[in-house]
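Peer 1: Order-wise, the sequence lines are chains A and B.
If you count by this note's numbering, then the first sequence holds residues 3 to 364, one letter each, in order.
If you count by this note's numbering, then the second sequence holds residues 230 to 492, one letter each, in order.
Bear in mind the hints are in silico, worked out from the structure with no lab data behind them.
Keep in mind that the hints are not guaranteed to be accurate.
Stated by the list, open to error - 25 Å max Cα-Cα, derived DMTMM-like pairs, lysine to aspartate or glutamate:
{"no.": "1", "chain 1": "A", "residue 1": "Lys-77", "chain 2": "B", "residue 2": "Glu-360"}
{"no.": "2", "chain 1": "A", "residue 1": "Lys-104", "chain 2": "B", "residue 2": "Glu-408"}
{"no.": "3", "chain 1": "A", "residue 1": "Lys-104", "chain 2": "B", "residue 2": "Asp-388"}
{"no.": "4", "chain 1": "A", "residue 1": "Lys-114", "chain 2": "B", "residue 2": "Asp-318"}
{"no.": "5", "chain 1": "A", "residue 1": "Lys-114", "chain 2": "A", "residue 2": "Glu-97"}
{"no.": "6", "chain 1": "A", "residue 1": "Lys-116", "chain 2": "B", "residue 2": "Asp-288"}
{"no.": "7", "chain 1": "B", "residue 1": "Lys-415", "chain 2": "A", "residue 2": "Asp-354"}
{"no.": "8", "chain 1": "B", "residue 1": "Lys-326", "chain 2": "A", "residue 2": "Asp-354"}
{"no.": "9", "chain 1": "A", "residue 1": "Lys-328", "chain 2": "A", "residue 2": "Asp-354"}
{"no.": "10", "chain 1": "A", "residue 1": "Lys-104", "chain 2": "B", "residue 2": "Glu-402"}
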Amino acid sequence: MTALVELEGVVKRFGDFTAVERMDLTIEQGEFIAIMGPSGCGKTTTLRMLAGLEQPTSGTIRIGGEMMNDVPPHKRDTPLVWQSLALFPFLNARENVEFGLKMRGFDAATRKRKALDWLERLDIGEFAERNVDTLSGGQRQRVALARSLVTEPQLLLLDEPLSALDAHLVIRMQSVLTRLQRELGITFVYVTHSQSEAFAMADRVVIMSKGNIAQIGKPRDIYRTPANRFVAEFVGRNNILSGTVTTADAAAVQIETPVGSFTVTPEGPPPAIGQTASFVIAADLVNITETAQNTGNSLSCTLISEEFIGSMVTLFLEAADGTEFKVQVQERALGSLDLKSGNTLHLSWSADNAHLLIGETE
Amino acid sequence: MNARFLDWGLRGYIALVFVFIFAPIVFSMIFSFNSDRFPTIPLGSFTTKWYAAIWNDPDVWKAVRTSMIVSGCTAILATMLGFATAYTDYRYNFRFKSAYLALVLLPPTIPLIIMALAMLAWFSKIGASGEVWSIILAHTVLTAPFAMAIIRLRLNQMDASIEAAAWNLGASEWRTMREVIVPYCKPAIISALCLTAAVSFDEFAIAWFVSGLNKTVPVMILEIVQGNIDPRVNALGTFVFLTSMTLVIVAQVVLMTRKGVKG
């Protein structure tokens, strides 16, 4: 694999406001990368810098080995799929798709053939001559995609392209996008605040926080082994406990927290005794029972509420000191559990499933 | 019962307003086909002789020609200026922008007679009084703000990403202006052309002060009225009214249908 996009020490300031504090990121050729984070974390600014719509305050951006800092947007080959789609309302679907080809000087016949090919490929060939205002959200989305891909770029930028679609359409478009990306072998940089979109499609996910990269990794790694408290909280459905290390060796670390003492299996070198540390236990890795389990890590909690979303149920519980716990279980695994709020239930988990964060507290 | 009464009352009120506005014009139109020299009732017989009279008057033709040139050139110049100011307002932020906008929108708020006098003084100072192009310049100053207002309204409806989307697809800034901004604003531009042409075609005060021997139609009407009672005025007035109304209606229709498509 070769690097297609390289960001080195990229900083972007707007007056006093720092949108991107420091960004070092290498994106491989043919990779599907998702940049995710809460609003204002700098993800869209990063994307706009790749498109040349913003110039970095410092640092360098290289695409295909070429220094891009001062190349104006129209001289780049970095089409962007906009959140608002930004289709041209005075052109029909085919003319919208032809726009990029027209700017590159293709003759009318070639433009038309390529545009129709792409509309056909995205299953909207029959709407080619329709005014874009008369198309549905999903169809407009496909026109926007065709318009960006018709010039056969190396790199496609996508700025929350599915945020305006209905839930069932989002799933369909996700499969369209992943299929296209695999078939074309081009690089996708996909900005989103939706974890499900990022995790479902991306090879690697970049989590950003306040203009910095909080973690880069495969979706699974980010979910199971968050690098810090921010990521652990951002990916949701995680329980985080903080405390002081009381005993530690390569096989087990004991952490004393306000709600009890728990064992965690460290993945790396163990922390020093007396150090502050936290651990993360994913909501779906917690067992819940009516009778106390006196083995390993266990804890009694009071049930507060439940959230039923079909096959999965999330239970919200509270420990003695008010610490909130989330437990996710299969609906059919709930069995005879008495889910009356106020009931006492017992949580337990394996030390191997807990993920240690050294030095991370609040 | 009460609501129905109110409903009919309001309808009647609207009808009265229209009667009030259009009755004089309708009377002028009726008398333009009346054979009697004086506008009195009962009417005389139907005639088109007053239309024939202005048709055969070379002075009228000259005035119509001057008016056409003036309103045509004014419309083009004012719309270009209006588009440019509307676009700077849409695209850029700069210090004193509010002062800039206030200045741009100022001319229609100046009493016409003051503006006309100022124009006359200025043009005679620089030796440009009485020229056709001096009327065009004066009318451009007067009408450009209307063009700007119409085009600015359209630009404000534009998705802010559209312009950047065109750059992103390989269009330079000038190309984007030509391929995206102007086509997007086309209904507003056509509408602005019609409206500024209509305002210029009707405008009397400035034209009267500045025109000299190059009389426009409104100036000519006044001169006919000043002389004596002449039903030709009704015929000429009807012509001016229909021309302006056509331009204004076209402007409205173009704006409304395009907006309708946009949904």
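Peer 1: For every hint, state whether the structure bears it out.
Peer 2: Do the hints match the structure? See the list:
1. A/Lys-77 x B/Glu-360: Violated - the C-alpha atoms of B/Glu-360 and A/Lys-77 are around 49 Å apart, more than 25 Å.
2. A/Lys-104 x B/Glu-408: Judged against 25 Å, a Cα distance of about 10 Å means the pair holds.
3. A/Lys-104 x B/Asp-388: 22 Å, holds
4. A/Lys-114 x B/Asp-318: 36 Å, violated
5. A/Lys-114 x A/Glu-97: The hint holds at about 8 Å.
6. A/Lys-116 x B/Asp-288: Judged against 25 Å, a Cα distance of about 61 Å means the pair is violated.
7. B/Lys-415 x A/Asp-354: Violated. B/Lys-415 to A/Asp-354 sits at ~67 Å, over the 25 Å cutoff.
8. B/Lys-326 x A/Asp-354: 63 Å, violated
9. A/Lys-328 x A/Asp-354: Since the Cα atoms of A/Lys-328 and A/Asp-354 sit roughly 18 Å apart, the hinted pair holds (cutoff 25 Å).
10. A/Lys-104 x B/Glu-402: 15 Å, holds
Going through the hint list in order, the structure does not satisfy hints 1, 4, 6, 7 and 8.
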